[in-house]
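Student: Sequence:
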Amino acid sequence: MFLKYAPKLKSLVIEEVTNWDYSFESKFAPKHLPCLQSVELRKFEGGPEEMEFVEYILKAGLVLKKMQIFFYYSLAECEIDVYQDLLVLPRSSGICRVEVVREC
Numbered sequence: 001m002f003l004k005y006a007p008k009l010k011s012l013v014i015e016e017v018t019n020w021d022y023s024f025e026s027k028f029a030p031k032h033l034p035c036l037q038s039v040e041l042r043k044f045e046g047g048p049e050e051m052e053f054v055e056y057i058l059k060a061g062l063v064l065k066k067m068q069i070f071f072y073y074s075l076a077e078c079e080i081d082v083y084q085d086l087l088v089l090p091r092s093s094g095i096c097r098v099e100v101v102r103e104c
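Take the sequence shown: its letter number 44 is residue 44 in the UniProt record's numbering, and every next letter is one higher.
Possibly wrong hints are sitting among the right ones.
[Unchecked claim] In silico DSSO-like cross-links for lysine-lysine, where the CA-CA straight-line distance does not exceed 30 Å:
1) K4 / K66
2) K59 / K10
3) K8 / K43
4) K43 / K10
5) K8 / K59
6) K66 / K8
7) K66 / K43
8) K4 / K65
9) K43 / K59
10) K65 / K8
11) K43 / K4
12) K10 / K65
13) K10 / K66
14) K65 / K43
15) K4 / K59
[As the list claims (entries may be wrong)] Restraint ranges, calculated between C-beta atoms of paired labels, are given here:
16) D81 / C35: 31 to 39 Å
17) L9 / G94: 15 to 23 Å
18) K4 / P90: 18 to 26 Å
19) Q84 / A6: 27 to 35 Å
20) L89 / S11: 15 to 23 Å
21) D81 / Y5: 34 to 42 Å
No lab work stands behind these hints, which were simulated from the structure alone.
None of these values were measured; they are calculated from a predicted model.
Ideal placement from N, C-alpha and C gives every residue a C-beta, glycine not left out.
Take these sequences, add in the hints, and give me the full structure.
Tutor: Following this line, the structure appears as structure tokens:
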């Protein structure tokens with residue numbers, strides 16, 4: 001994955017999470033995200049692959065300040081469950097703020 005080539009990355013914008021390799025986490029995290037301060041994740045639908053990616057970033061982002069997650073479309077009742085799940089994910093950074101936004 002591209003993150004291993006950018007250890008000093010401070011900001012990251014992901015248009016869509018596809019083909020997430022969860023084994024990546026055990027090989028490279030958290031040492032490859034020690035500088036990451038902000039993440040923007042677009043076209044989010046709340047699927048298992050996306051949730052694993054968000055969990056990885058929150059755990060690996062030692063100095064992460066803000067993560068913005070843009071829902072691709074309104075998920076109605078499911079959105080509430082996903083939103084609640086996102087808010088309780090463990091974080092390595094004590095100052096990280098997770099913002100959930102509906103993408104128009």
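Student: Against the structure, test the hints numbered earlier, and report the numbers of the ones violated in rising order.
Tutor: Those not satisfied: there are none.
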